[in-house]
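All chains should be built: construct the whole structure from the sequences, respecting the hints.
Protein chains: 4
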Amino acid sequence: MVQPATLNNARRDFYERLGSLSMAPLWESLHQLVPPQPMPKYRPACWRYDAVRPFLMESGTLITAREAVRRVLILENPAMPGSACITPTLYAGLQLILPGEVAPSHRHTQSALRFIVEGEGAYTAVDGERTIMHEGDFVITPTWTWHDHGNDSSRPMVWLDGLDIPLVAMFNAGFAENGESEEQAVTAPEGTSEAKYASGLLPVDWKPARQTSPIFNYPYARTREALHRLTRAGPADACHGYKLRYVNPANGGAPIATMGTFMQLLPKGFASAPYRCTDGTVFSVVEGHGESRIGDTTFRWKKRDHFVVPSWATAVHQATDESVLFSFSDRPVQERLDLWRENRGGR
Amino acid sequence: MVQPATLNNARRDFYERLGSLSMAPLWESLHQLVPPQPMPKYRPACWRYDAVRPFLMESGTLITAREAVRRVLILENPAMPGSACITPTLYAGLQLILPGEVAPSHRHTQSALRFIVEGEGAYTAVDGERTIMHEGDFVITPTWTWHDHGNDSSRPMVWLDGLDIPLVAMFNAGFAENGESEEQAVTAPEGTSEAKYASGLLPVDWKPARQTSPIFNYPYARTREALHRLTRAGPADACHGYKLRYVNPANGGAPIATMGTFMQLLPKGFASAPYRCTDGTVFSVVEGHGESRIGDTTFRWKKRDHFVVPSWATAVHQATDESVLFSFSDRPVQERLDLWRENRGGR
Amino acid sequence: MVQPATLNNARRDFYERLGSLSMAPLWESLHQLVPPQPMPKYRPACWRYDAVRPFLMESGTLITAREAVRRVLILENPAMPGSACITPTLYAGLQLILPGEVAPSHRHTQSALRFIVEGEGAYTAVDGERTIMHEGDFVITPTWTWHDHGNDSSRPMVWLDGLDIPLVAMFNAGFAENGESEEQAVTAPEGTSEAKYASGLLPVDWKPARQTSPIFNYPYARTREALHRLTRAGPADACHGYKLRYVNPANGGAPIATMGTFMQLLPKGFASAPYRCTDGTVFSVVEGHGESRIGDTTFRWKKRDHFVVPSWATAVHQATDESVLFSFSDRPVQERLDLWRENRGGR
Amino acid sequence: MVQPATLNNARRDFYERLGSLSMAPLWESLHQLVPPQPMPKYRPACWRYDAVRPFLMESGTLITAREAVRRVLILENPAMPGSACITPTLYAGLQLILPGEVAPSHRHTQSALRFIVEGEGAYTAVDGERTIMHEGDFVITPTWTWHDHGNDSSRPMVWLDGLDIPLVAMFNAGFAENGESEEQAVTAPEGTSEAKYASGLLPVDWKPARQTSPIFNYPYARTREALHRLTRAGPADACHGYKLRYVNPANGGAPIATMGTFMQLLPKGFASAPYRCTDGTVFSVVEGHGESRIGDTTFRWKKRDHFVVPSWATAVHQATDESVLFSFSDRPVQERLDLWRENRGGR
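Going down the list, the protein sequences come from chains A, B, C and D.
Numbering-wise, numbering that gives the first Met the number 0 puts 128 at position 129 of the first sequence, and it's gapless, one number per residue.
Numbering-wise, numbering that gives the first Met the number 0 puts 185 at position 186 of the second sequence, and it's gapless, one number per residue.
Numbering-wise, numbering that gives the first Met the number 0 puts 40 at position 41 of the third sequence, and it's gapless, one number per residue.
Numbering-wise, numbering that gives the first Met the number 0 puts 126 at position 127 of the fourth sequence, and it's gapless, one number per residue.
Calculated from the structure, these hints are not laboratory results.
Do not rely on the hints blindly, as some may be mistaken.
Said to hold, decoys possible - A few chain A residues that don't get close to chain D, going by computed Cβ distances all over 10 Å:
#1 His30
#2 Ala50
#3 Pro53
#4 Glu100
#5 Gly120
#6 Asp126
#7 Ala197
#8 Arg340
To be verified - With a straight-line Cα cutoff of 35 Å, these simulated DSBU-like cross-link-like pairs (lysine-lysine) come out:
#9 A:Lys206 / D:Lys302
#10 C:Lys301 / B:Lys206
#11 A:Lys206 / D:Lys267
#12 B:Lys206 / B:Lys40
#13 C:Lys206 / A:Lys206
#14 B:Lys267 / B:Lys302
#15 C:Lys267 / C:Lys40
#16 D:Lys302 / C:Lys40
#17 D:Lys206 / C:Lys206
The beta-carbon is built from N, C-alpha and C at its ideal position, and this holds for glycine as well.
This is how it looks when you write it as C-alpha cells:
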C-alpha cells in the first residue's frame, strides 16, 4: 500500500523535532538493531609473518621497550581502522622484546594472554613469580595483577598479545596503574605455580581468590603431547580436527573469564567441514601450513602467521602438513550470557 | 629529553607503512586504550515526561503499532547521536500501545525488560501466557522467547523498554524471527507463572531450562509493599536509601542474565552520600520528586521522568518527597567478569 | 557344584583367625553390603494425633520446658527402638510449649525445622529476631544459629521438630553450646527477615554468608494460597497432586542444606499413582483426611497425624477430602551426591 | 534440688506407656543426641602389612576371584565388629588378584577408589577403557559405572579399596547389577581418558555428564613428581607437611563426590603440630616410615601399612624418613553440608 507523501512529510518533520530531545523512532532502524542474524561490520584478515617481522624488527630501532612501555604492533581489523580492535570485543598485537630489555611493571583490569611466536628465554613476571617463555607457551596475566616482562636471552622475542580491551572499554570499567619499580620483586621461585596447581591435584586447603587460573604458564611441550595423544585416542572432529580448550583447574572454566583459548591439531591432508559460530576468533599458526576459506576470502597460512575469522562467517580449513593452530575468542562470555551459537555445516 | 626531529620523521614514516598492513603502534595509543580510570564518552541525560509524552501521543497518529512492529521512541544518549544507545551497552525506549492495538509476535536473542510507566490493562504474552500490566510492574521477555503485546483497555499505555541491544551487537550474536501469527496462541491461564514460581516455593520436580527467571511479571504492588516493610526494618543505606534487586528464584541471580534491575525508596528529605560505580544506569521515577547531581549536571525529576547516570560518574540524589526509583544496568555482566567496581563517597 | 567340607572348614578357621586382626572376608557379606536395590531396615509408621496429644499434655505435667530444655516426644521408628530416629538419617519429634514457658537458647550444628501443628502465638527467635508462629508455618533454625522458643499466648503450642541428628551423628560432626541467657536479646524487629528476603527481591548488596535460607518463617497463609493458585493453573501430577518444594531465595536450593521440605495438595477424591523414591519421608497432615498404602501397610490419616514412608517403599495416597500434606526428607543430600532415584509407577 | 520419688515414678510409668506408641522423651537423651562435640564410637586402628599379607595370600588359596566376585579382606574398625566399616561412613578393604584372574564386571551406586599397594600390571576397566595399574596409582570407579579387574601380569596384585558403602547404606539408596559377561568389551584404547582429560586442557565441546572425574587413573609418577616440586616451592605446612588433594578437572572438586582423596609428603624428621578435624580418615603408607599418635594411641608405620584416624581425634605424625601418605575421607560431603571443622593445634 502506497504511503501518502503528506504522511512522509509529517514523519520527517516529527523525526527532526524528536532529535532535539535526544529521541529517535525505533521503527526506522528496528531491522538493523535487531537483525535476523549476525551482520558483522568487520572482515577476515591475515597477517603473514614474513611481511610482519621486518616491521617488528624495525620498531626495535625506533623505540625502546622502556619508552614504549609495551613495544607492540597492533593487528587492527582492516574494516575498523583506528579502532585498535581485531574484532569488536578483542585486541591483538605482536610484541617485541629485545635482549636486555624490560617492559615495565604495571597492572590493569583488562586481562591479557601471551602466546609465544618466536624466540625463547624471556620471562613474564606475575605477582612476584617469573616464568621463562618458549615458543608455543600460553601465558596469562590476569585482571588487576602486577606484571612485567624482560628478556635475559641473546635473541629477540616475539609474542602475540590478546586482550579484552574493547570489551572492557564498552563497559567503561577499565582501571590501570604503573608499578613503583620497573621490575617487581621476585617472591616465589620459578615453577611455584606449576608445582602447586598444574599436576592434577591442588593444595589441600587452597581456595581460589578469583576466577582466573592459578596456573599462569601452560607450556607448549605439554599441550603438544596432549594433542599427539588425542590423535591416538580417536578420530578427528569433522569441523575442528583435534581441538582442546585451556582450563582453569580450580573450576573447569576458561583460564581467563573474558577470553577462551584453544589449541587444535589438523592432521596432514585434513579438510574441515564448513563451520561457523558467533565468537569471532583470532588464530596463530604454531606448526605446519595450509589454507582457510573464510566467507569468500581464502588465506594461505604457515607457521607464525595470524588470521581472524569474524562472527558467523563460515570457515573451512585445509592442512597441507600436520598443522597446529592456537586461537582465542570471547566464547566464554557469550556462553555465560546464553548468546553463543554454532552451526556445524556452516549454513 | 628532547626527541630529535629525525627520529620523529622516521616514526611517522614507519606508521604510514604500517597502516598499509593493517597494523598500528600501540605506544601511541596505550594510554587511551588502557586508561587509569573509566573515561566514558557518553553523558548524563534526563527525559522529562511532560516533554516526552506529547511526542509519544503524536507518534500514535503517525504510525500504527502493527506497521511499526514496536512503536517506540528511543532514548538516545545525547553524546551518541544515531547510536540508538542510552549507554554503550544498553538500549532504552518508551513504547506506546493504543487501545485495540497489537504489537506483533516475534523473538530475538536480545533480552528485554518492560517497566510500566502509564496506564494499565494491556498485556504482554510470553511463551503462551499473558500477563496484564499495571503501573510499576516489571515484566521480562527473556532471550529467544516469543512475545507480543496488546492493549484491550480503553487507555493508551506507555512503558519503558530496556534491552541489551548494544551488548549483543558488539558480540555479533543477534538473531531474530517474526511469528507466524500476530498474536501467539494462549496455552496457559494468566497467573500460571506467578502461581508456580513466585510464592517462595517451586514445583517439586521443576528444573530451570535457562538462566532467565521463570517469573515474567514482578507486580509493583508486591515490590512497593516490600520497600515499605524495609523502611520499618532498619535504617536507610547512606548511598542508596532502601534498595532491592529483582531476583530469579531459581538461582538467586538477576532475572535477566545481561541486565540487573533494581527498585529503591528514598525517604522524604533523604540526601544520598556521593556514590559511583562502573555500571552506567538508567532510572525511571515511579513516585515522588527530587533532584540528582550527576558529575557536574543536576536534574530535577518527578514521577515518570527518566535519566541516565554514566559509568563512574559521581551521583548524589535528593528526595523532596518520599520517592521510588526503578533502575537497570549491566551490573550482572560486569560482576561475572570481575569488572564491577563501586566507590561509596564517589571519589 | 558342591563345596568340599574340608574347604568349608579351612575357610571357617581362616575367618576366625582373620577376626583377631579386625579383618573380615568381603565375599561372605558382599550381597548385603551392595544390595541390588534398597532394603531398608525400618518400617512405615503412623502417629494419630488423637492418641499422641494426651501424652503430650501429660508430659506438660511431668516436666517443665526449662528443665527439659526441649520438651519433645520423639517419633521413633518402631523398627529402630532406642535409636531416636524416624528414618536412618532423620529425627522427628513433637514439641510442647505451654503458656508462659521458655525453651532456653542454645545452638548446634544440627539443622532444625519446625512445622506448626497446633496453636498459635508462640515465637521462635533466631539470631536476634523473633517470629510468631501459626498453624502450618514452616520455621527453620539453621545450623549453628542461636535459637530459643517462648509461648506468650494463652494456649499450649505443639509443633513438629525435624532434625538431621542421625546424619550429623554418622559424620561425628556435631557441636553444641548453651546460651548465656535463656532468651537471646532481640536485635531486629519481627518481620525483618521476611521484609528483606521474602518479597522476590533481595537487598542490593547482600551476599549470603551460608547455604541456609535467610528467610526463617515461611508462613502457611502464603503457601496455602500458592497451592490454591496451582490448582487453577493446571492438572494435578499423577503421583504428587500439586506439590511444591520450599526454596532458599538466595540460591534456588533447599532452605536447609540437609533436609528437603515440601507441601502438597491432594484434590478431593484424588488417588495417586504408585510412587517410590530413595528418600525416606516424614509427612504431617495439615488439612483433610484420607489414607495411604505404604508397601503392604495402610494408614488412615487426618489433620495433625504424622506418618513415615521408608526409602523405596511404594506409596499410594488417597484423599477423601481436599488434603494438604507437609513433608520432609534428606532428598537434597541424595541429589547432591547423585544418589537420589525415583520410580513413577512404584515398580 | 532433689527430685521427689513420686515424680520419678510417674515419669518412669509415662515412659513405658510412651514406648508402646513408638515415642520416647527427648529430655532423657538430648545430651547424647546433641553432644557438645563429636564423641566417636569408633577407634584408631592400624593394620601392619607384614601381618596382613600372609592372610591375603592365604585367601588366594581358599577362594578364587571369580567365586568371591571381589576377593577382599575388609579392614573393620575394632570398635565396630561385624559392621564392615572402618569409619561410620567409609568402607576399606585390601583386594588380592592373582595372575590370570578376573574380578567380574558389575556396577553399583556406591563409588569406589582403588589405591595400589603392591604389584603392577593388572588392569581396571571402566566404561570400556582399561588402565594398567602401578604402585601408588589412584584409580576410581565412579558411581553406577561398569567395572571389572584382571591381572595379566605374572605377580599377585594388592590394592586398597575405599567405598562409601556405609554412607549409601544409611541413605538406603544402593543399587547394584552384575554384567552380562565377566569382562566388559574394550571400546577405547588405553590412555584415552588421560589423553582427553588429564593434560590441563579439555576437549573443546565436552560437557561432563556427572560429578565424578573423567580421569580414572591418577598415576603415582605424576603425583610423586608434584610432591617433589612442592618441597622446592615453599615450606611445609605445620600440620600436614606437603599435602595435595586429587581434583576433578571438570569442576575443581573431588574426583568422587562422596570421598575426598589426598596425598602428602612428610620430610625426613618432620614432626607435625597436633591437628584434628571432623572427617575420620583412612591412611595408606606409600613411602618411608614413622609413627603417629592418635588420641592416646601410638602406631609405628612403614610402607604399605594402613591406619585410621577417627573424627575429632588429635593426630600427630612423625616421619623417620621422608614419607608419603595417601588418605581418604568423607570431607567433601561434610564441606558441602557446612559440617566440616578442623582444629590446628588439636585442642
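Please verify that the nearest CB of chain D lies beyond 10 Å from Ala197 (chain A)'s CB. Given a closest Cβ separation of 6 Å, the condition is violated.
Can the restraint linking Lys206 (chain A) and Lys267 (chain D) be considered satisfied, given a maximum Cα separation of 35 Å? The given pair, whose Cα atoms are some 28 Å apart, holds under the 35 Å limit.
Would the least Cβ to Cβ distance between Pro53 (chain A) and chain D come out above 10 Å? Non-interface label on Pro53 (chain A) holds, nearest chain D Cβ at 34 Å vs cutoff 10 Å.
Interface exclusion of Asp126 (chain A) relative to chain D, criterion Cβ beyond 10 Å: 14 Å, holds
Given hint Lys206 (chain A) paired with Lys206 (chain C) - CA-CA distance at most 35 Å: 18 Å, holds
Check the non-interface label on His30 (chain A): least C-beta distance to chain D beyond 10 Å or not. 33 Å, holds
Least C-beta distance between Gly120 (chain A) and chain D, which was stated to exceed 10 Å: 21 Å, holds
Check whether the Cα positions of Lys206 (chain D) and Lys206 (chain C) lie no farther apart than 35 Å. 29 Å, holds
Compare the distance between the alpha carbons of Lys206 (chain A) and Lys302 (chain D) with 35 Å, and conclude whether the hinted pair is satisfied. Cα-Cα ~31 Å, so holds.
Check whether the Cα positions of Lys301 (chain C) and Lys206 (chain B) lie no farther apart than 35 Å. 32 Å, holds
Lys267 (chain C) and Lys40 (chain C) were given as a pair; does the straight-line alpha-carbon distance stay at or below 35 Å? It holds: about 34 Å lies between the C-alpha atoms, which stays within 35 Å.
Between Lys206 (chain B) and Lys40 (chain B), is the straight-line Cα distance small enough, at 35 Å or below? 42 Å, violated
Violated hints, listed in ascending order, are 7, 12 and 16; each of the other numbered hints is respected by the structure.
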